[in-house]
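For reference, the chains in residue letters:
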Amino acid sequence: MHEVALAEGVLRIVLDAARANTAARVRTVWLELGALAHVEPDALAFCFDAVTRGSVAEGAKLEIARTAGAAWCMPCGTRVALAQLGDACPRCGSYQLQVLAGDEMRVREITVA
Amino acid sequence: MCTTCGCGNSETKIDGTIVENAHEHEHRHADGTWHSHVHDGASVHDSGAAGPLGGVHDADLTVERVIRIEEDILARNNVYAEQNRRALADRGIFALNLVSSPGSGKTTVLVRTIEALQGRFPVCVIEGDQQTSLDADRIRASGAAAVQVNTGKGCHLDAHMVGHALEQLSPPDDCLLLIENVGNLVCPAAFDLGEAHKVVILSVTEGEDKPLKYPDMFGAADLMLVNKIDLLPYVQFDVEAAIGYARRMQPGLEVIRLSATTGEGFAEWLSWLEHGVAAAKSARDQSVATLRRRVAELEARLAVADHPV
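Chains A and B supply the protein sequences, listed in that same order. Be aware that the first sequence starts at 48, since it is given in the working numbering, and climbs by one per residue. Be aware that the second sequence starts at 1079, since it is given in the working numbering, and climbs by one per residue.
Just chain A, with the same shape it has in the complex (with noise of 0.2 Å):
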């Protein structure tokens, strides 16, 4: 479960963020997790829990914003929606696709007082 891993590394860029800030308390901490990222957002807001305990972020709301995936289709040369990977390209079945956007993993802002 890399989720750990991945929480660990929210937290530190939480925390780095609220110590420049001089925050006494993080409430709420904004991620953007892409509909193709190596994420399992419910995992990750398990383990945010888990890692956060015992420091100025614990209790602090997790905010999940989704993006969308995107890829190009190289026999319609076109920008294409794309569900999760391994799916054909909605226009022409195609799976000569190439990952435009969906795959960020991002701490996008945090609340703090």
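Mixed in with the good hints, there may be bad ones.
To be verified - Derived pair list, reagent style DSBU-like, types lysine-lysine, alpha-carbon separation capped at 35 Å:
id : chain 1 : residue 1 : chain 2 : residue 2
1  : B       : Lys1291   : A       : Lys108
2  : B       : Lys1231   : B       : Lys1091
3  : B       : Lys1231   : A       : Lys108
4  : B       : Lys1231   : B       : Lys1291
5  : B       : Lys1091   : A       : Lys108
6  : B       : Lys1359   : B       : Lys1091
7  : B       : Lys1091   : B       : Lys1291
Unchecked claim - Selected chain A positions facing chain B (Cβ under 10 Å, derived; list incomplete):
id : residue
8  : Ile60
9  : Thr75
10 : Leu78
11 : Thr125
12 : Arg126
13 : Gly133
14 : Asp134
15 : Val146
16 : Met152
17 : Arg155
18 : Ile157
Derived by calculation from the structure, the hints in this document are not laboratory data. In this text the structure is predicted, and so the values were computed from the model without any measurement. All residues carry an ideal CB built from backbone N, CA and C; glycine is no exception.
Let chain A serve as the given structure and place chain B on it in line with the hints.
Chain B only, in chain A's frame:
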């Protein structure tokens, strides 16, 4: 496992010695500057979901502030991975990250590869497993230098562990570095170690639908080895279907069919490796030549400055 947060990194060992706890330690490599990006004011936000900017504040009247961050969760791993990649390139080393499920025959492929390459160019190995040094022992017995990384409860190698393993291994210039990841078709897909390519191994004793079940790993690989092909007469495994499924995730995936038991297909695999090793060496030779030229130019200029006409 770390009892404070449940993280597995605290049990990472390299050749049996514990690496510092990943939380507490602020270990930074020589040029490993690390900082978080905190942006003031509005920045462009083009993803679909609404963010909390302009959202409703808590009713408890505590002053809340929004801090924009926009940082990749894997940024730290990626910084270490880039350091590894640069260090490897400086030494002309061709590095591969070998990934598969447990039991695909990774170590047997490695052992046969090392034996076959003896006398052609040096091969070094970083072995990743949760526990034991059995694999590194097997590799050393076959004649290659090897370092064992034990990830404890961790399910994958990360770039930081590999950086430490490289310090310990100190591989020679222009060698082939094979990094055998933890047997796991899920987690290692997300972690760049600084390798030139991920190589996924799929054996014919597994199902041909594995690429459909574990798309991230096959999508992250550049080469797939279909191993144990000597067993094809005895198992129900459609090689063409497996390759077709894997190429749905990665249309440019190269494929080599081989058997680490009989050696079938090894000529193609060894020649693929030789090509990569030669390319890494030639890239290093080129950058060394460029640097030498630059030094000569500067020296010539200096000579003119010292003795003006």
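Worksheet item: If you draw a straight line from the CA of lysine 1231/B to the CA of lysine 108/A, is it 35 Å or shorter?
Response: 27 Å, holds
Worksheet item: Quick one, is the threonine 75/A hint okay against chain B at 10 Å, beta carbons?
Response: Where the cut-off is 10 Å and the nearest Cβ of chain B is about 6 Å from threonine 75/A, the hint holds.
Worksheet item: Would the pair lysine 1091/B and lysine 108/A pass a check requiring their Cα atoms to be no farther apart than 35 Å?
Response: 34 Å, holds
Practice prompt. Would you settle whether the hint for valine 146/A is holds or violated, based on the nearest Cβ-Cβ distance to chain B being less than 10 Å?
Written response: With Cβ-Cβ at 8 Å, under 10 Å, it holds.
Worksheet item: Given the hinted pair lysine 1231/B and lysine 1291/B, is their alpha-carbon gap at most 35 Å?
Response: Distance ~24 Å between lysine 1231/B and lysine 1291/B Cα, so the pair holds.
Worksheet item: Would the hint on leucine 78/A stand, with a C-beta cut-off of 10 Å toward chain B?
Response: Result: holds, 8 Å to nearest chain B Cβ.
Discussion item. Holds or violated: lysine 1359/B and lysine 1091/B, Cα atoms, limit 35 Å.
Written reply: This hinted pair holds, its Cα atoms lying about 31 Å apart.
Fill in: Cut-off 10 Å, beta-carbon criterion: hint that isoleucine 157/A touches chain B
Cβ of isoleucine 157/A sits 5 Å from chain B, so the hint holds.
Discussion item. Does the closest beta carbon of chain B sit nearer than 10 Å to the beta carbon of methionine 152/A?
Written reply: 4 Å, holds
Worksheet item: Is the straight-line distance between the alpha-carbon of lysine 1231/B and that of lysine 1091/B 35 Å or less?
Response: With a Cα-Cα distance of about 11 Å, the restraint between lysine 1231/B and lysine 1091/B holds, given a limit of 35 Å.
Worksheet entry | Minimum beta-carbon distance criterion (10 Å), isoleucine 60/A to chain B | 5 Å, holds
Worksheet entry | arginine 155/A as an interface hint toward chain B, with CB separation required under 10 Å | 6 Å, holds
In this structure, the earlier hints numbered 11 and 12 are contradicted, and the remaining ones agree with it.
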